[in-house]
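*Asks:* Chain order of the listed sequences is A and B. The first sequence stops at residue 503 when you use the working numbering, and every number in between is there. The second sequence stops at residue 503 when you use the working numbering, and every number in between is there.
Incorrect hints may appear among the rest.
Put simply, identical chains are the same to the list, so a pair is met inside one copy or across any two.
Stated by the list, open to error - 25 Å max Cα-Cα, derived SDA-like pairs, lysine to any residue:
no., residue 1, residue 2
1, Lys-159, Pro-340
2, Lys-105, Met-216
3, Lys-457, Ile-497
4, Lys-159, Gly-479
5, Lys-457, Tyr-492
6, Lys-215, Cys-432
7, Lys-218, Asn-310
8, Lys-457, Glu-339
9, Lys-215, Ala-454
10, Lys-215, Pro-444
11, Lys-457, Arg-496
12, Lys-218, Gln-189
13, Lys-159, Asp-196
14, Lys-215, Arg-449
15, Lys-215, Phe-447
16, Lys-215, Val-446
17, Lys-218, Leu-445
18, Lys-105, Tyr-455
19, Lys-105, Leu-230
20, Lys-215, Glu-374
21, Lys-457, Pro-262
22, Lys-218, Gly-421
23, Lys-105, Leu-195
24, Lys-215, Asp-260
25, Lys-159, Ser-293
26, Lys-159, Thr-257
27, Lys-215, Thr-338
28, Lys-218, Val-446
29, Lys-105, Phe-447
To be clear, the hints were calculated from the coordinates, so they are not data collected in a lab.
2 protein chains.
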Amino acid sequence: MATWQVINGGVTAPKGYRAAGITAGLKPSGLPDLTLIVSDTAAIAAGVFTTSQVRAACVDYCRQRLQAKASAQAILCNAGQANAATGEQGWADAVQSTQWVGQALDIEPESVLVASTGVIGQRIKMDKLQAGIPLVVAALSETGSDTAAKAITTTDLVPKSIALEMTLQDRPVRIGGIAKGSGMIHPNMATMLSFITCDATVSPPLWQAMLVRAVDRSFNQITVDGDTSTNDSVIALANGQSRTPSITEPGADADKLEAMLTEVCVYLAKAIARDGEGATCLMEVQVSGAADDAGARSIARTIAGSSLTKAAIFGNDPNWGRIAGAAGRAGVHFDQGQLQVCLGDFVLMDQGQPLVFDRAAASAYLKAKSEGAYLKDDTVLIRVSVGDGAGQGTAWGCDLSYDYVRINAEYTT
Amino acid sequence: MATWQVINGGVTAPKGYRAAGITAGLKPSGLPDLTLIVSDTAAIAAGVFTTSQVRAACVDYCRQRLQAKASAQAILCNAGQANAATGEQGWADAVQSTQWVGQALDIEPESVLVASTGVIGQRIKMDKLQAGIPLVVAALSETGSDTAAKAITTTDLVPKSIALEMTLQDRPVRIGGIAKGSGMIHPNMATMLSFITCDATVSPPLWQAMLVRAVDRSFNQITVDGDTSTNDSVIALANGQSRTPSITEPGADADKLEAMLTEVCVYLAKAIARDGEGATCLMEVQVSGAADDAGARSIARTIAGSSLTKAAIFGNDPNWGRIAGAAGRAGVHFDQGQLQVCLGDFVLMDQGQPLVFDRAAASAYLKAKSEGAYLKDDTVLIRVSVGDGAGQGTAWGCDLSYDYVRINAEYTT
């Protein structure tokens, strides 16, 4: 396995990147709302986007751009208006945004990718955006990741950022990432976004394939409420500034780089789940024994997304029946006589039947986790084994609390 | 289209059926908990069961029995213990139950189908069951449907029952049904059950096919919390006592019978959704314009099951963005430029973009519906059109309230 260390710097930790987040007046709140991430040189670019049929203009724009050419030099993100359900005008606004950034950075507009988060059905406030772009360009800094991480948030309670470094062929190589997301709380406000920077040299198809697999094991394995946004985007740049040997084929170096990329994505994904609306704890569901990894991941996701399981966790209820029920309805075949369910160190169910366990102690385990929110010890661990297969998968979620309903039912005409 | 009228009598409205529900002591509460439905003569039997990998013994027993021979004369249902996650002993208990009923009714044990609802992982209290069977047999009555409808409930707030009659070849034919279900509220307690009786004469494969299609358009289109139970069962008997001509082939008579069967299932399904835990209103989602019915049904189901949409309805929020977002992630292709969303008579979105509408009036529409719970006017109507296709589908659900969380997070060690 690759070994890496956590370093400071977020998306500006890798060599050759600058970033900034400023207040451009897009959000009514006056909080930072415009982010720019720039590579000094053209970077290989990969992207994974929402699969929804209802997509923001920026999602269609980026997907089309990356299909034409897998490189980019800048990512612009506005927080405030989603630019989704905005029709042809939304597309024109996305294109205009890239032109303004291109002019300000003196690069081709085609080298600029765009992302939006905010209220669906609203156009970007283009006058504010136009005025803000020279300001965010002026603010670009090699230590600017924290301001960028802050300015992409909407209803998040905390910014989400990470950077890792390892040695590849005796030279340091780094991956940094920032993310936003916590479910949806303001009416129509949504979106999971993540921007990742890397200074390795890697071929475009390999980088895209690595990102797809990493996202499948991280962002696609978290659930706050099962609702997918119109704007979900993960964009990853690799600019080669580490001067490490180019990775063009699968092999040991590619595996090391992918492992570190996956770790960055998993860290950010867990941070999003932990920040889920109304959450009092993080739920990690590890499934083993399935026929393949995809099946195991599907079972894990179904358990993490089960409203009944989530409500039980909130209620400190070691309810193996709801966990088993969710596992059973995931659409993945297994023999119920081989089902085992563990909560922390408690074995609740084995060979498909409930065991006698210390219910009070298991409930106390859950209670301690919810009291550990935002501490290191906030993770409720659910382990499920469904047979003898080699398939493994992990998913993350959070509990379902009164606050989730309060946050999402708040409305004033 | 077939025309029918509502009649009294539930499952005993069709000719040649008796039913009863009694208190056998299976439930700790002392409420009625043992139900028997009997046809005077052997009936054609069809069944649709949970697709979960974690299934109660009674589900496996009935599925196996009906595959061997599509006929039955009695349905026994115990409410209190689910007989799920009970291993080989659970299977033996199910078989024993059929033997006791067979002896008491003087019919073959193979003519008895069984269903259970209650706490997962608990064996049926066999001593109470054995003592109860002669009592429920003695209580059988041609007007016993209401007691049966009551005794199959667990956490339901109201029993659910319907009977319809129409004329087929100048003779009256009837279908009656009872159902239970409201999500899950007691720890590990679950299950959607429905038992349907009919006095038409129909061939076994036709009756099974009719039931599958009717269930697809009714029980499979309701969602309270997305969680499927280990015990979900729909069993339908047709005993031919109406003396109407035998329906052995598809055609006008078969269509009429299937339409009435579907109506019975839809009525009961809506009653379950309306009784959803913590629900303040019924949500009906009508989707049109999809490429096919299956796609339209899938979109409708996804909207009805969206936590964000459900919370918005609870908050009286005419949130078209959440509805559009849920439609988009249903896994069904459509052109977002053709998306239209209506709430009651309000057109919220057209051609993929939001319209200006009277938000206060739309919110008042939602508020009036939640105040109409258990009255006739409790139905929030959401209509979504996704294109020009002929595919149509409807789903039903309920809002997501504080009470849902309270009910499902209650736990005492």
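*Asks:* So, for every hint listed, does it hold in this structure?
*Replies:* Going through the hints against the structure:
1. Lys-159 <-> Pro-340: within (21 Å within a copy, 56 Å between copies)
2. Lys-105 <-> Met-216: neither (32 Å within a copy, 71 Å between copies)
3. Lys-457 <-> Ile-497: Both, since 22 Å and 18 Å are each at most 25 Å.
4. Lys-159 <-> Gly-479: For Lys-159 and Gly-479, the Cα distance exceeds 25 Å both inside one copy (40 Å) and across copies (35 Å).
5. Lys-457 <-> Tyr-492: both (16 Å within a copy, 20 Å between copies)
6. Lys-215 <-> Cys-432: The answer is neither: 50 Å in one copy and 27 Å across copies each exceed 25 Å.
7. Lys-218 <-> Asn-310: Neither, since 33 Å and 48 Å both go past 25 Å.
8. Lys-457 <-> Glu-339: Intra 48 Å, inter 60 Å, cutoff 25 Å: neither.
9. Lys-215 <-> Ala-454: neither (50 Å within a copy, 30 Å between copies)
10. Lys-215 <-> Pro-444: between (57 Å within a copy, 17 Å between copies)
11. Lys-457 <-> Arg-496: Classified as both: same-chain Cα gap 21 Å, cross-chain 16 Å, threshold 25 Å.
12. Lys-218 <-> Gln-189: within (15 Å within a copy, 78 Å between copies)
13. Lys-159 <-> Asp-196: Within one copy only: 19 Å inside a chain, 78 Å across chains, cut-off 25 Å.
14. Lys-215 <-> Arg-449: Result: close only across copies, 23 Å inter versus 55 Å intra.
15. Lys-215 <-> Phe-447: Classified as between: cross-chain Cα gap 22 Å, same-chain 58 Å, threshold 25 Å.
16. Lys-215 <-> Val-446: For Lys-215 and Val-446, only the inter-copy Cα distance (19 Å) is at most 25 Å; the intra-copy one is 60 Å.
17. Lys-218 <-> Leu-445: For Lys-218 and Leu-445, the Cα distance is within 25 Å only across copies (24 Å; inside one copy 61 Å).
18. Lys-105 <-> Tyr-455: neither (43 Å within a copy, 57 Å between copies)
19. Lys-105 <-> Leu-230: within (14 Å within a copy, 82 Å between copies)
20. Lys-215 <-> Glu-374: Answer is neither: 39 Å inside a copy and 36 Å across each miss the 25 Å cutoff.
21. Lys-457 <-> Pro-262: neither (42 Å within a copy, 60 Å between copies)
22. Lys-218 <-> Gly-421: neither (48 Å within a copy, 36 Å between copies)
23. Lys-105 <-> Leu-195: Close inside one copy (19 Å), not across copies (83 Å); limit 25 Å.
24. Lys-215 <-> Asp-260: neither (48 Å within a copy, 69 Å between copies)
25. Lys-159 <-> Ser-293: Only inside one copy: Lys-159 and Ser-293 sit 12 Å apart there, 61 Å across copies, limit 25 Å.
26. Lys-159 <-> Thr-257: neither (29 Å within a copy, 67 Å between copies)
27. Lys-215 <-> Thr-338: Classified as neither; 42 Å inside a copy, 66 Å across copies.
28. Lys-218 <-> Val-446: between (62 Å within a copy, 24 Å between copies)
29. Lys-105 <-> Phe-447: neither (53 Å within a copy, 51 Å between copies)
In summary, the numbered hints that this structure violates are 2, 4, 6, 7, 8, 9, 18, 20, 21, 22, 24, 26, 27 and 29.
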